[in-house]
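There are 4 protein chains.
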Amino acid sequence: MIKVGIIGATGYAGAELVRLLLNHKEAEIVWYGSRSYVDQKYADVYRNYFQLVDNICRDDNMEKMAEQAEVVFTATPQGLCASLVSEEILKKTKIIDLSADFRLKDVNVYEEWYNLKHAAPQYLPEAVYGLCELYREKIKGARLVANPGCYTTCSILSLYPLIKEGLVDPATVIIDAKSDTSGAGRGAKVQNLFCEVNESIKAYGVAGHRHTPEIEEHLGYAAGKEVRVSFTPHLVPMNRGILVTAYASLSKQGLSEEDVKNAYRKAYGGEFFIRLLEEGVCPETRWVEGSNFTDIGFKLDPRTNRIVVMAALDNLVKGAAGQAVQNMNILFGLDEKEGLRSAPVFP
Amino acid sequence: MIKVGIIGATGYAGAELVRLLLNHKEAEIVWYGSRSYVDQKYADVYRNYFQLVDNICRDDNMEKMAEQAEVVFTATPQGLCASLVSEEILKKTKIIDLSADFRLKDVNVYEEWYNLKHAAPQYLPEAVYGLCELYREKIKGARLVANPGCYTTCSILSLYPLIKEGLVDPATVIIDAKSDTSGAGRGAKVQNLFCEVNESIKAYGVAGHRHTPEIEEHLGYAAGKEVRVSFTPHLVPMNRGILVTAYASLSKQGLSEEDVKNAYRKAYGGEFFIRLLEEGVCPETRWVEGSNFTDIGFKLDPRTNRIVVMAALDNLVKGAAGQAVQNMNILFGLDEKEGLRSAPVFP
Amino acid sequence: MIKVGIIGATGYAGAELVRLLLNHKEAEIVWYGSRSYVDQKYADVYRNYFQLVDNICRDDNMEKMAEQAEVVFTATPQGLCASLVSEEILKKTKIIDLSADFRLKDVNVYEEWYNLKHAAPQYLPEAVYGLCELYREKIKGARLVANPGCYTTCSILSLYPLIKEGLVDPATVIIDAKSDTSGAGRGAKVQNLFCEVNESIKAYGVAGHRHTPEIEEHLGYAAGKEVRVSFTPHLVPMNRGILVTAYASLSKQGLSEEDVKNAYRKAYGGEFFIRLLEEGVCPETRWVEGSNFTDIGFKLDPRTNRIVVMAALDNLVKGAAGQAVQNMNILFGLDEKEGLRSAPVFP
Amino acid sequence: MIKVGIIGATGYAGAELVRLLLNHKEAEIVWYGSRSYVDQKYADVYRNYFQLVDNICRDDNMEKMAEQAEVVFTATPQGLCASLVSEEILKKTKIIDLSADFRLKDVNVYEEWYNLKHAAPQYLPEAVYGLCELYREKIKGARLVANPGCYTTCSILSLYPLIKEGLVDPATVIIDAKSDTSGAGRGAKVQNLFCEVNESIKAYGVAGHRHTPEIEEHLGYAAGKEVRVSFTPHLVPMNRGILVTAYASLSKQGLSEEDVKNAYRKAYGGEFFIRLLEEGVCPETRWVEGSNFTDIGFKLDPRTNRIVVMAALDNLVKGAAGQAVQNMNILFGLDEKEGLRSAPVFP
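Residue numbers (my numbering), protein chains in the order written: chain G, 18 to 364; chain W, 18 to 364; chain C, 18 to 364; chain D, 18 to 364.
Everything labelled a hint here was simulated from the structure, so no lab data went into it. Any given hint could be a false lead.
What the hints assert, rightly or not - Below, computed lysine to any residue pairings styled on SDA-like, alpha-carbon distance capped at 20 Å:
1. D:Lys-20 <-> D:Arg-160
2. G:Lys-278 <-> W:Gln-68
3. W:Lys-278 <-> W:Ala-224
4. D:Lys-206 <-> W:Ala-201
5. D:Lys-58 <-> C:Gln-57
6. D:Lys-206 <-> G:Gly-287
7. G:Lys-155 <-> G:Val-298
8. W:Lys-42 <-> G:Lys-81
9. C:Lys-206 <-> G:Phe-289
10. C:Lys-58 <-> D:Glu-295
11. D:Lys-354 <-> C:Lys-278
12. D:Lys-58 <-> W:Gln-208
13. G:Lys-354 <-> W:Leu-39
14. C:Lys-242 <-> W:Gln-208
15. C:Lys-278 <-> W:Arg-320
16. D:Lys-122 <-> D:Glu-154
17. G:Lys-58 <-> W:Arg-153
18. C:Lys-42 <-> C:Ile-19
19. G:Lys-206 <-> C:Gln-57
20. C:Lys-242 <-> W:Leu-39
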């Protein structure tokens, strides 16, 4: 049994890690770290775990945790993981960081978009971006995995093959993303109250959301050059689920559906967690809820010579805790699907 | 592997059976029966199963199914199972009926409340009421299990111990139940459209809902005499979950919390799927969603000499498909928790 | 034009007062009082009023307000109004208090249930309980109106006529109430976050909710003796609306629907804002949303010799701001419907 | 009092017309037309109108209606209005058609996108497109007004000024729209059931939605040349509200916020129903719910040299019934705001 520690176990992503790991045959949580609920029963914070988890919340002491855990998940706001990581810790344990601290290779980009001094830039070169389907080989040997964001996973997975194969002009990429509300976290803020979110939709962070450079970095790798995209997130009144609708101009006239499918097949042909939908089928978040799947569909529009690509995933699973567990499975040489086989829950 | 057939696989309860059985190590679905979607791919009806279920929907032919399946689940409206069952079929396969056909022992009560002629009353004496925690021993040897309704499971489980132990006056029992919308089924009706259900709550079937006699029969067994209760269901804008709030006058003054707890412990002490909440904790449907748990809590009210008992369950799991799988596990001598161990999903 | 001041204009009830008063021909808001948003534009706090309200939020200074306003609404938590009211103020302005401070005649009951020292018990005898349909005549001459709570209005209106006419046994009254989430206020609390409320239902304050003694006091007036009821509130994932389902044993066998209807007609025959539904029709909160109506329906249950009474209202309108405006109209001799004529909004 | 007839009064848009007209001082509904509910009480179909509307539903006979009504609203699916209109009728009454029949000037475009033979193309030249803020003068003298669609109103209003003033390149326009569920109508379809819509988001009609040519026609007028746009609608789990997020490349570098604001001010400077939001404020559907407002905001993105324009409206008001009443007010020379002054309802 792999011994697991979680920093930030009482946030939504942390609680989802618990759910998935309870179902994992080779892992055992030995430390439920929390800032706000130290010494309280974890199952009093998340009553769904009543009689399933007996543990008490402990603090976020990564040093002690590293002595007991073979892998530490940090499901905390940006800045914390970077402030805790050290050579000593990395010698003892592997870290899968669900925050943004080690996602961007360029420390200046990080500091500009997050408005935060990076506390451990020396680990940026070593950190591996944990988008499993694209970087599996690199993840295998990593000590420090930067688990991608929810918007990012959905955006990159949907666009990467098209750009890689040169089917679209990267300069024309526009990503319109729609997110559930659990992505906003469990902090007590007026803007996330039920009555404020329910029965409404809005955009936010327009032309300035922090996931933008993360998307651009990886689409840039696909393009072989710098890429700039428009990225607009929206808040939707639902608990889970992200939908990305992305637009791009085709790089030449007359591209066929088969051309597009081939690009996706080439990239994701054998991938269990990526489902390429049949022709004319639009992904819907309800069909992936609770699971680690990303559903991808597309539609060519000859009238405008554009392609519309759509992808749906569960922000707490493939967009956070599920991909983190998938990364753990890769790190420890386990079946990548372990703990992640459950079918989506509907309705 | 136990071979399973499902009649009504394209309703919500049927689809939930599929979800749970995909996760079951000892069972395999060999027949996806449907009336409306014959010859269509099952995963086209429920796209959450895309690439997980390759089967085609077949008809509802129970005779043929009985030749291929060791157990048949009928997740259909009342009347159908009774019209199909026969000695020949019961010799070949076990039946777990999720409809109301074999729940009530008295055929007259059935015909009065359901306004339907019973097509196979000869099997009523043999049928076992599949409320696992109360009738486990009888279920073990059954050929025909009448899987309880969602409201009924929640109502009986919450009140049975109090009546059995004589703590409350059965004549004073009032059950106010609140249900999600999946319980209304997947039929295309104006009253179940999103805009009709969303942002509203209503009672329905007041003083006449068909689950009433089922509740009364089993509370009557506990009381050792005939019992009449008030039962009022309500429709709540959510996908899953039933909450029962039940009221009863205490049979004597001065009953303590410990007295009540003892009654529940006696009835459910070792039961995995029944969680007796700690003092002062009210059950909430969100804490059981997606799982087979029933959470039970209570509050004594010395001012009125009443007790308020509350219970929450997921109508599609413990209130339908989950309990059906639990019954299958009992019938086939498997670990009762097999396929049902997943923690509740929150948020 | 009546000059109006609002203390607590930035809570949900305060914002609803603004909505209704903007539509009122004889009233004009001269003071938008707030604790948290002083000096901010009111329309920045509630952007629905962008370009409709130009005012700036001011503090909660009731003395100054009393010099400018002919009537002051206090839409604040309990305790504040009692701490501010004085003879000097009451000589200058009328007060309609939406909090609980002056609802209960017995100061001991107030202090026990609210766990709060009452700061101005000397005004309790003078204060008039503003349940318009029951106490209209007393309201007319009042200086200080205690506007009833949302649960209370719905509970009292539905049960008062039955008890008054002796049709039910008051000792058997059980009130199971279901509330939207705006009733929980706009404070930033984890328990009211979208993801915590959405897709769930729970009871709370069981056998101890503060609206209980308010209901008991007024049903006691109807009964001519002290009454104790069971009252259980529930939280429902919707923005607006309260549904009460109340149970009581009939005082004699054989009561007819006509008997019951007559009791309601006698009490509410000419009342515009109370709609007695036709036979067999259950009230639903969606049919009153946004309006000042209370819809009442009932069902006799000869099997249990009980009656089930149901009532629905919009908690922010008839349950708070709407009734407050109705009280203002009575106080100033205006048409009671002024500002409150809009039909319910559906869907 | 203007006598009004409604064809399709029992759909959601028809019911909203009733709500608005009940609040209108100069109009009176004399005919509630319906196909499915003939001879039933209108208030039995929409119980929010209980005791407010006593009328019985009548059929959709436009000839008879034209004798009694000075204006007829047709709130029906495409095809019906065109099949009923005639010179005789237009001599007696004005028609405001909420369907698509007379929106597109080019009959071929209509027949291609709607896959329907147009029954009365002879009236296309005469029909006036009822987007009030753009075509007020033409509307004044019209006999036949084609009331715009909900997506269309929101899309055209947000983009028209930018194209008209040459600030953006029309060929780059991409419109990503998000709609509530009432826009899908009250028909009993599985896909619109509560459990199918709730907790999910999806795109539909990608690269082929019928509102596309309507948007293109009017943006084309602004551009002075043919325009082709990408338009993608999405379904959001809420009752009311449309949000448009539109993207376009700026026609030159260095355009300032002031340049953009001036374009909007020039187009909508004195318009009551269009609210240009302050800098950095994103429109949200909750702030316009129940009202006739369209809120417009934008954000310049120098990184990509694009502008992101956002607009929110209530699909049943400004997107259907409200604009229809606004058109009626223009047609009859009334104050354009009559019946439409109510502030948005929040929460």
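message: To test your reading of the hints: which numbers does this structure violate?
response: Hints 3, 5, 6, 7, 8, 9, 11, 14, 15, 17, 20 not satisfied by this model.
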